[in-house]
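J.: Below, each chain spelled out in residue letters.
Number of protein chains: 2
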Amino acid sequence: MAKKNAFYAQSGGVTAVINASACGVIETARQHSEVIGKVYAGRNGIIGALTEDLIDTSQESDSAIAALRHTPGGAFGSCRYKLKGLEENKAEYERLIEVFKAHDIGYFFYNGGGDSQDTAHKVSQLGDQLGYPITCIGVPKTVDNDLPITDNCPGFGSVAKYVAVSVREAALDVASMARTSTKVFILEVMGRHAGWIAAAGGVAAEQEGDAPHIILFPEIPFEQEQFLQKVDASVKDYGYCVIVASEGVRNKEGQFLSETGTRDAFGHAQLGGLAPLVAQIVREKLGYKYHWAVADYLQRAARHIASQVDVEQAYAVGKAAVEFAVRGENAVMPTIIRKSSDPYRWEIGSAPLKDVANVEKDLPRSFITPEGFGITEEARSYLTPLIQGEDYPPYKNGLPVYVQLKNAPVEKKLKESFTLR
Amino acid sequence: MAKKNAFYAQSGGVTAVINASACGVIETARQHSEVIGKVYAGRNGIIGALTEDLIDTSQESDSAIAALRHTPGGAFGSCRYKLKGLEENKAEYERLIEVFKAHDIGYFFYNGGGDSQDTAHKVSQLGDQLGYPITCIGVPKTVDNDLPITDNCPGFGSVAKYVAVSVREAALDVASMARTSTKVFILEVMGRHAGWIAAAGGVAAEQEGDAPHIILFPEIPFEQEQFLQKVDASVKDYGYCVIVASEGVRNKEGQFLSETGTRDAFGHAQLGGLAPLVAQIVREKLGYKYHWAVADYLQRAARHIASQVDVEQAYAVGKAAVEFAVRGENAVMPTIIRKSSDPYRWEIGSAPLKDVANVEKDLPRSFITPEGFGITEEARSYLTPLIQGEDYPPYKNGLPVYVQLKNAPVEKKLKESFTLR
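These protein sequences, in sequence, are chains A and B.
According to numbering that gives the first Met the number 0, the first sequence is numbered sequentially starting from 0.
According to numbering that gives the first Met the number 0, the second sequence is numbered sequentially starting from 0.
Hints may contain errors.
Given that identical chains are not distinguished, each listed pair holds provided it fits within a single copy or across any two copies.
Derived lysine to aspartate or glutamate pairs resembling DMTMM-like cross-links, with alpha carbons at most 20 Å apart [to be verified]:
(1) Lys-395 / Glu-376
(2) Lys-89 / Glu-258
(3) Lys-235 / Glu-26
(4) Lys-229 / Glu-370
(5) Lys-360 / Glu-322
(6) Lys-284 / Glu-224
Derived from the structure by calculation, the hints contain no laboratory data.
Predicted, not measured: the structure shown is a model, and the values here were computed from it.
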C-alpha cells in the first residue's frame, strides 16, 4: 500500500466528544506511519477541503492531540455544508479531487451525522465515477442519536447525561421551594425531529413521584388538555411538576409549537422557544408559578459532565476508522454494537456507508409510555448504559483546561481559489 | 448552660451548597450534645416553625447527614416568607415563642440571605421584647453574593463556577461553527439586582479575544447602539460573539429590559426573559444567526460542578454558627474573611446581625471595565479564588447520588394551628 496523507473533517453540530474521535483518528494514524503520512484537517469541515484551507495536524504535539480527548467543541472548526449529488454539482467533487491530488491525500475521514455520512458515501464513489480512488471512512457523531445500524451515536451519551443530571438537580431545587414559590419547572432540550434527548431526561427518575413528571416528545402531538391535567395532578400529588420539553414538540397539525406563538410588532413569530410558551400555557390555565430553562449549546458542550462510556466510544470509532482504512476497507462507518445492557458490554462493528446515508433512526414508540408523557423500562435499559461513568477534564484555577491547537495552515498548492455556493 | 433543643431552617432561594451548611450545623450540634439536644428543622423554612411542622433530624443517620454535604437544593424545604416587624405582626412572634417553648428550643439557626438575616435579627430580640431568650445565629447563604461584611456568600462560588465553565464550553461550540452557522450566543444568568453572577462569566476569558466578549450588567444601563457596535466588532475580529447577560439588565429609564418587550394577544408582557430579547435585537439590527440559553435553576442547583472552596465555606459557616452558640454568642452571623487572594486564604469571622440585616453589598463599579462590557483585573482577583477546586458528588448508574432524608415529623404539642398570612 503506497503511503498517502489523510484528510479529516468535522461536520455539522459539534459535541462534547467529537474531539475525542479526532484524537482517536490522529493518534491511530500516527501509529500507522508506514501507510498514512500526515493527517490534514479541514478548517471548518469540508469547506476547508473545497477552499484548500487545510490544517497540518503533524505540527501538534502528542500531548496537544491527547488533550483533544477531553476538549469539547470542534477543534478544527465544523460546518453545515452538504455536498449535492455528483450530477448536481460536479464542480465540487472535481475540486475535492484537485485538492486531494495536490496534497497526496488518499484517506478521507468524515466525522458527522446522517448528512455527513451521505457526503462520505458520495466521496467514496469518486474512484469509480471520476477516477480518483480514495479510501473513505465515516466516523459517527451526533447528539441526535439518529444514525441507523449503530446502537447509539457518540455525542448522545454525554448530552443524555447532562440532561439527566440537570433534571435531577433542578428538581431538588424546585421541590425545596414549591410550598411557597415555583411549582412548575420546564427544561427545554434539543432534538428537533426526535425525542432521544428528551427521553434521556426520564432516566433521572428512579421511583414514583420523582422528576421529571412529564416529558414532551416531538413524537407525541401536544394535547393541551391532557397536558394540563397531568401538570395539575403532579402538583397536587407531589407538590410540584418538572417537565422536560423537546424543542421539537408539535401540535396535531404537525407545526412546531414554538412557532405557533403570537407575533411581535414587526410580524415576526415571537421568539423564545418552546419552554416559555409552555410556561405561558401553564400560567394562563392553571395559575401556577413557574420557571423555565433552555439548555441550548450548554447541553452539547458540557464536557465537564461527559459520559465516560461516550468518551470511550467516541475515541474508539475514531481509532477504528483508521484501522479499517489501514486494512483496506472502504465506504464504511464504524458502529457500536451492544452485546449486553446489564452489565453493559459493547464492541465496534462496521456498516456500509450506503446503508447509513440518509436513513434516520426514530425513537421507538415502545420507548414512550402509552399516555405519551414518560419513558418505558425498555427506554431506561437502553439509555442507562450510555451515561455510565464520569470522565472529568483536568482543571486549573477552577476551570477546565481545554486545548487550543495551533491549527497551522498547510501551504496552498493550487492557483485557483474556489467559490462556495 | 442548660441543655436546649435547636431549630434550624433554610430560607429563600436554595443553592448547590445550602445543605452543606445544614450538614455543618447538624454534625457540629451532634458533637455538642452536652448543651444542644435535638436539632429540629423547619419543614419549608420558617413556615415550619409557625405551623409547628418540625422535622426531627435526630432520626437521620450520620451517613445521611454527611451526604447533605454533596446534595443540592434544600433538604428540609425552604420558603420565601419574611417576618414583619414585631409591632406589625406580633402574633407571628408570639406563635414562634409558643412553638419554641413547647419543644424546648433555645437555639435558632437561620440559613439565608439578607431578608433572612433580618428575620434572625428580629428573633434575637424576642428575649428583650417578649421575655423568651433564645440564642440566635444567622448562617449566610445566597447565590446573589450580596450580604455585607462577609467577603463572599456561600452559594455564590458554585454558581460562579457553573457560569464560567458553561461559558468556556459553549464558546468552544460557537467558535467551531461560526463560519457557517451561529455567530452570536447569549447566556442569560441570574442576578436581578446585581451583576455578581454575570461578572463570574468573565472569569472564563484568559486572553484577548476569549469569550465572553460582552457582559451585560444590571449596573450598566443598556445602550443599544454601543452594544450592537461591540457585537459587530467581536464577530468581525474573532468570528463570533459570546454574551453573558444578567436577567436584571435595565434600560436608561431603569426598567428591566425583559419587561419592555411586546405584549401578546392577552396584553401580557411577552414572556421569554432577557436572552431572547437581546437575540431579537441582534437579529433585527445585525442579521447574525444566534442561539441563546437560559440557565435558570440549573445554575444554582449544579452540585455536580460545585466549587470546592464554596462547599468548604458553606460547611464552615454552619459549623461556626453552632460553635458561636455553644460559646454563648448571640445575634451574630459567621462571615468569611479573606486573608489573601493569591494564594487564597480565608478564615471565619463574625458580624452582628443588626449590621447585616437589610444591607445589600453592590458589585463595585471598579469591577466593571470603563466601557461597561467586561470585568477588571480587580474583579478577576476577587472572583477566581471562589471557584477553586472540584468537589464531585458520588455517582451511581451514571447519576449523582443525592440523599433524600426521612424528614420525620416531630409530634405536635400545641392544640391550636396557626394560619399563615
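J.: Work down the list of hints and note, for each, if the structure agrees.
T.: Status of each hint after checking the structure:
Taking the shortest alpha-carbon separations for Lys-395 and Glu-376, only the inter-copy value of 18 Å comes in at or below 20 Å, while the best intra-copy value is 40 Å. Taking the shortest alpha-carbon separations for Lys-89 and Glu-258, neither the intra-copy value of 37 Å nor the inter-copy value of 52 Å comes in at or below 20 Å. Taking the closest pair of Cα atoms, Lys-235 and Glu-26 never come within 20 Å of each other, the shortest separation being 56 Å inside a single copy and 34 Å across copies. Taking the shortest Cα distances, Lys-229 and Glu-370 sit within 20 Å of each other inside one copy (10 Å), while across copies they are farther apart (49 Å).
When the C-alpha separation of Lys-360 and Glu-322 is checked against a cutoff of 20 Å, the pair qualifies neither within a copy, at 26 Å, nor between copies, at 60 Å. Taking the shortest alpha-carbon separations for Lys-284 and Glu-224, only the intra-copy value of 10 Å comes in at or below 20 Å, while the best inter-copy value is 39 Å.
Violated hints for the displayed structure, listed by number in ascending order: 2, 3 and 5.
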